[in-house]
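Trainee: Just remember that the numbering used here sits 378 ahead of the position in the sequence shown, which is counted from 1.
Everything labelled a hint here was simulated from the structure, so no lab data went into it. One should not assume that every hint holds.
Below, in silico cross-link-like pairs of lysine to aspartate or glutamate (EDC-like), each with a Cα-Cα straight-line distance of 16 Å or less [stated by the list, open to error]:
no.	residue 1	residue 2
1	K652	D677
2	K643	D609
3	K652	D624
4	K580	E598
Note that the structure is a prediction, hence the values are computed from the model and not measured.
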Amino acid sequence: MLVLHVMANPLQCRAGHPGSRILSVAAYRPRTEVGNEAIAALIDSSDEWIRRRCGIESRRRAAPDEDLVTMATAAASKALADAGVEPRDVSAVLVATMSHRGRATTVAPLVADALGATSAAAMDLGAACAGFPYALATADALVRSGAAGHVVLVGAERMTDIIDERDRGTAFLFGDGAGAVVVGPAPTCGIGPVVWGADGSKSEVLRYDESGILRMAGPEVFRWATSVIPDLARRALDAAGIAAADLAAFIPHQANLRITSAAAKALELGPHVKVATDIITNGNTGAASIPQAMAALPDTTGPALLVGFGAGLSYAAQVITLP
Numbered sequence: 379m380l381v382l383h384v385m386a387n388p389l390q391c392r393a394g395h396p397g398s399r400i401l402s403v404a405a406y407r408p409r410t411e412v413g414n415e416a417i418a419a420l421i422d423s424s425d426e427w428i429r430r431r432c433g434i435e436s437r438r439r440a441a442p443d444e445d446l447v448t449m450a451t452a453a454a455s456k457a458l459a460d461a462g463v464e465p466r467d468v469s470a471v472l473v474a475t476m477s478h479r480g481r482a483t484t485v486a487p488l489v490a491d492a493l494g495a496t497s498a499a500a501m502d503l504g505a506a507c508a509g510f511p512y513a514l515a516t517a518d519a520l521v522r523s524g525a526a527g528h529v530v531l532v533g534a535e536r537m538t539d540i541i542d543e544r545d546r547g548t549a550f551l552f553g554d555g556a557g558a559v560v561v562g563p564a565p566t567c568g569i570g571p572v573v574w575g576a577d578g579s580k581s582e583v584l585r586y587d588e589s590g591i592l593r594m595a596g597p598e599v600f601r602w603a604t605s606v607i608p609d610l611a612r613r614a615l616d617a618a619g620i621a622a623a624d625l626a627a628f629i630p631h632q633a634n635l636r637i638t639s640a641a642a643k644a645l646e647l648g649p650h651v652k653v654a655t656d657i658i659t660n661g662n663t664g665a666a667s668i669p670q671a672m673a674a675l676p677d678t679t680g681p682a683l684l685v686g687f688g689a690g691l692s693y694a695a696q697v698i699t700l701p
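Use the sequences and the hints to build the structure in full.
Mentor: Written as structure tokens, this is what we have:
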């Protein structure tokens, strides 16, 4: 016999907010810039081949003193200052990364400590190059539910730690860096509904090998990305209740300039839409690429479409109002 117990005093719930928004965005780019010539020499290639293959002219490489925590903290600290939010008022620190090689401590608690956000919840989120929109959806839910007041969200990568510099399939693509946003409450929706998913059946095309080095079947990933992104983008636009013509910017994960161009063409974006091409001088910085590309569009306001995709295979998209 089933017996139902009714509590005399129901649990209290926190009051939420009608919406959330991105208050600020900032980036940290490592000091050392590496051109194509240095990469090409190691993979029996050329500057012209690399540019034609992915559109990259140069990328940043982190020095030994530019570890994940240092880069993430620098980007987050600037984002907090730009938002006018004190570290003591941060409720949660989220770090999206796929390149942390520590065995015990995750990155987020170390970043929270370095910021002085000592009472904040802190966690890493692993969804590879889709990590930023995944974490942004999490930050949005935390704020709207009332579980958090202000959230610091960082995408940070040292991709050069996890690639083989002589691998012709990956060596020329990746760079290092960090990008951060501060998410806070808003009277209206500034972060649209997330549209996301994953296809684990294709996980072998982008994976770590036994030594922890990233391996990629480039043509397969290219075909998958160019087939998935247009539909994903349209669904995110529909979920936000706007059309492609309403966009001010399109900011996809900076994986390959050819993928970005193909997606922009499929969406029939007008000339007024700024398309992020940060990959040209920054390379593919994994989960850091979207906030870094966002920070590279400082004079752009209005709605922007974010699209992330990568290992897993995971993907996610949402429309946001640029700060």
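Trainee: Taking the hints in turn, state whether each one holds.
Mentor: Hints, verified against the model:
no. : hint        : in the structure
1   : K652 - D677 : holds, 10 Å
2   : K643 - D609 : holds, 13 Å
3   : K652 - D624 : holds, 12 Å
4   : K580 - E598 : holds, 9 Å
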